[in-house]
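**Q** Here is how the chains run, residue by residue.
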Amino acid sequence: DQQVKQNSPSLSVQEGRISILNCDYTNSMFDYFLWYKKYPAEGPTFLISISSIKDKNEDGRFTVFLNKSAKHLSLHIVPSQPGDSAVYFCAASLEYGNKLVFGAGTILRVKS
Amino acid sequence: DAGVIQSPRHEVTEMGQEVTLRCKPISGHNSLFWYRQTMMRGLELLIYFNNNVPIDDSGMPEDRFSAKMPNASFSTLKIQPSEPRDSAVYFCASSWGTASYEQYFGPGTRLTVT
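Protein chains in written order, with this note's numbering: chain B, 1 to 112; chain L, 1001 to 1114.
If you're looking for bench data, these hints aren't it; they were derived computationally from the structure. Predicted, not measured: the structure shown is a model, and the values here were computed from it. Glycine is no exception: its CB is placed at the ideal position from the N, C-alpha and C atoms. Where hints are given, some of them may not hold.
As the list claims (entries may be wrong) - Think about it this way: if two alpha-carbon atoms lie no more than 30 angstroms apart in a straight line, the pair counts; the simulated DSSO-like pairs of lysine-lysine are: (1) Lys99/B to Lys68/B; (2) Lys1024/L to Lys71/B; (3) Lys99/B to Lys71/B; (4) Lys1078/L to Lys1024/L; (5) Lys37/B to Lys68/B; (6) Lys1068/L to Lys37/B; (7) Lys56/B to Lys111/B; (8) Lys54/B to Lys71/B; (9) Lys99/B to Lys5/B; (10) Lys99/B to Lys56/B; (11) Lys111/B to Lys5/B; (12) Lys5/B to Lys1078/L; (13) Lys111/B to Lys1078/L; (14) Lys111/B to Lys1068/L; (15) Lys111/B to Lys1024/L; (16) Lys1024/L to Lys99/B.
Said to hold, decoys possible - Sample of chain L residues at the chain B side, in silico, Cβ under 7 angstroms: (17) Leu1043; (18) Gly1059; (19) Glu1062; (20) Phe1065; (21) Phe1074; (22) Ala1088; (23) Phe1091; (24) Gly1106; (25) Gly1108.
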């Protein structure tokens, strides 16, 4: 039973356009959400996070939106660049802990 | 400052053999995590340690898997005996504190069991 789901295995976007990666979760007790980025042959690296008390967090070209009622979060990348091509993992954490539950990942390809 | 170090980077072994994966966390970090990545299930947490003590091993698939952390700078994940379905990329990650959500991952060990 996957508590964090990334239903799109892959996404292809033109350079300069917006990339939107989606993530759904089932456990309403999750209180912190993160996005990690992974290049081939490397480990995932932290990208951006959001607490459940917020609905938006922005860092440069990356913005994460959280809709708690829908149990849905999304990552927006604007503008998309070829170097953004990677696997993006959504992760969630329960209160009072540092155990992360990851989604299966979405492969983003940004075409130049 | 070196990041999380994992060895070996690649391991090919035959079914039934023992496999040991190694991890050196970032100095000063006191939480260590072992993950397995497969195409079907993505990144799964196998076990995590805090201050060298196993806190949650509910993700360890079977008794064939075991993990140890004898000190703050070293951990091992052992599979004995290995099976073809254990083929995956195994990541080690570390973080600071008990409520630090940002984890730092190593480059992973790609395990192939034939």
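**Q** What are the numbers of the hints that this structure violates, sorted from low to high?
**A** The structure conflicts with hints 2, 13, 14, 15, 18, 19, 20, 21, 22, although it agrees with all the remaining ones.
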